[in-house]
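Participant: One-letter residues, chain by chain:
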Amino acid sequence: GAVVSQHPSRVICKSGTSVKIECRSLDFQATTMFWYRQFPKQSLMLMATSNEGSKATYEQGVEKDKFLINHASLTLSTLTVTSAHPEDSSFYICSAMGTSGGASTDTQYFGPGTRLTVL
Amino acid sequence: AQTVTQSQPEMSVQEAETVTLSCTYDTSESDYYLFWYKQPPSRQMILVIRQEAYKQQNATENRFSVNFQKAAKSFSLKISDSQLGDAAMYFCAYRGGGADGLTFGKGTHLIIQP
Numbered sequence: 407g408a409v410v411s412q413h414p415s416r417v418i419c420k421s422g423t424s425v426k427i428e429c430r431s432l433d434f435q436a437t438t439m440f441w442y443r444q445f446p447k448q449s450l451m452l453m454a455t456s457n458e459g460s461k462a463t464y465e466q467g468v469e470k471d472k473f474l475i476n477h478a479s480l481t482l483s484t485l486t487v488t489s490a491h492p493e494d495s496s497f498y499i500c501s502a503m504g505t506s507g508g509a510s511t512d513t514q515y516f517g518p519g520t521r522l523t524v525l
Numbered sequence: 016a017q018t019v020t021q022s023q024p025e026m027s028v029q030e031a032e033t034v035t036l037s038c039t040y041d042t043s044e045s046d047y048y049l050f051w052y053k054q055p056p057s058r059q060m061i062l063v064i065r066q067e068a069y070k071q072q073n074a075t076e077n078r079f080s081v082n083f084q085k086a087a088k089s090f091s092l093k094i095s096d097s098q099l100g101d102a103a104m105y106f107c108a109y110r111g112g113g114a115d116g117l118t119f120g121k122g123t124h125l126i127i128q129p
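Chains as they are written, first to last, in my numbering: chain A, 407 to 525; chain B, 16 to 129.
Any given hint could be a false lead.
[Stated by the list, open to error] With a straight-line Cα cutoff of 25 Å, these simulated SDA-like cross-link-like pairs (lysine to any residue) come out:
1. 447/A / 43/B
2. 88/B / 448/A
3. 447/A / 69/B
4. 461/A / 423/A
5. 447/A / 84/B
6. 121/B / 444/A
7. 461/A / 412/A
Simulated from the structure, these hints should not be mistaken for laboratory data.
Hey, can you work out the whole structure from these sequences and the hints?
Facilitator: Structure follows, in structure tokens:
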């Protein structure tokens, strides 16, 4: 139980375009979802926290107009990178916390990640 | 702000031996959670073990156990009978008492020598 999926797993786009990444909890209801960013050979950095039906809370230094987060249902959150530039190239990982299915209340379950390359 | 420190960028251990990965953290909260996650080359984050700060007993999961020293703010991971499949990056992570995001350490690259 407690499976989180992400789509796409890999995306290549041109500079200036927008890219949407989906994060889904498959067998539990995710009351809270998180988005992280991981640069090569580095650790994960929290970008934002989203609760279903509410506006996301962004970490200091993360541009909310550039990284749009929507958490419209208890199983889906999306991250849209707007007007992407090469410096946005990174590995984006979502995680989810929930209270149903196979999920343990206090544990974050991670998606497999999305590798974004901006040319 | 909370910080998590992993002072060992890389560790190497012989197969079947035991290895301990170090982690220290800094917080002013009394209610929090600590985790060890494993990230293999696939980059999928896999939960290894978790510890609630209010529990005095150290968590164990099969070959994995922790040494949680709350006063010293230390949270080390012991892997017994190391297996080739244990090779990965290991991240120590902290979460506050609410539905907060995780603060990760920089990670330790674990190499298993056959």
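Participant: Against this structure, judge whether each hint is valid.
Facilitator: Verification of the hints:
| no. | hint | verdict |
| --- | --- | --- |
| 1 | 447/A / 43/B | violated, 29 Å |
| 2 | 88/B / 448/A | holds, 23 Å |
| 3 | 447/A / 69/B | violated, 33 Å |
| 4 | 461/A / 423/A | holds, 23 Å |
| 5 | 447/A / 84/B | violated, 29 Å |
| 6 | 121/B / 444/A | holds, 11 Å |
| 7 | 461/A / 412/A | holds, 21 Å |
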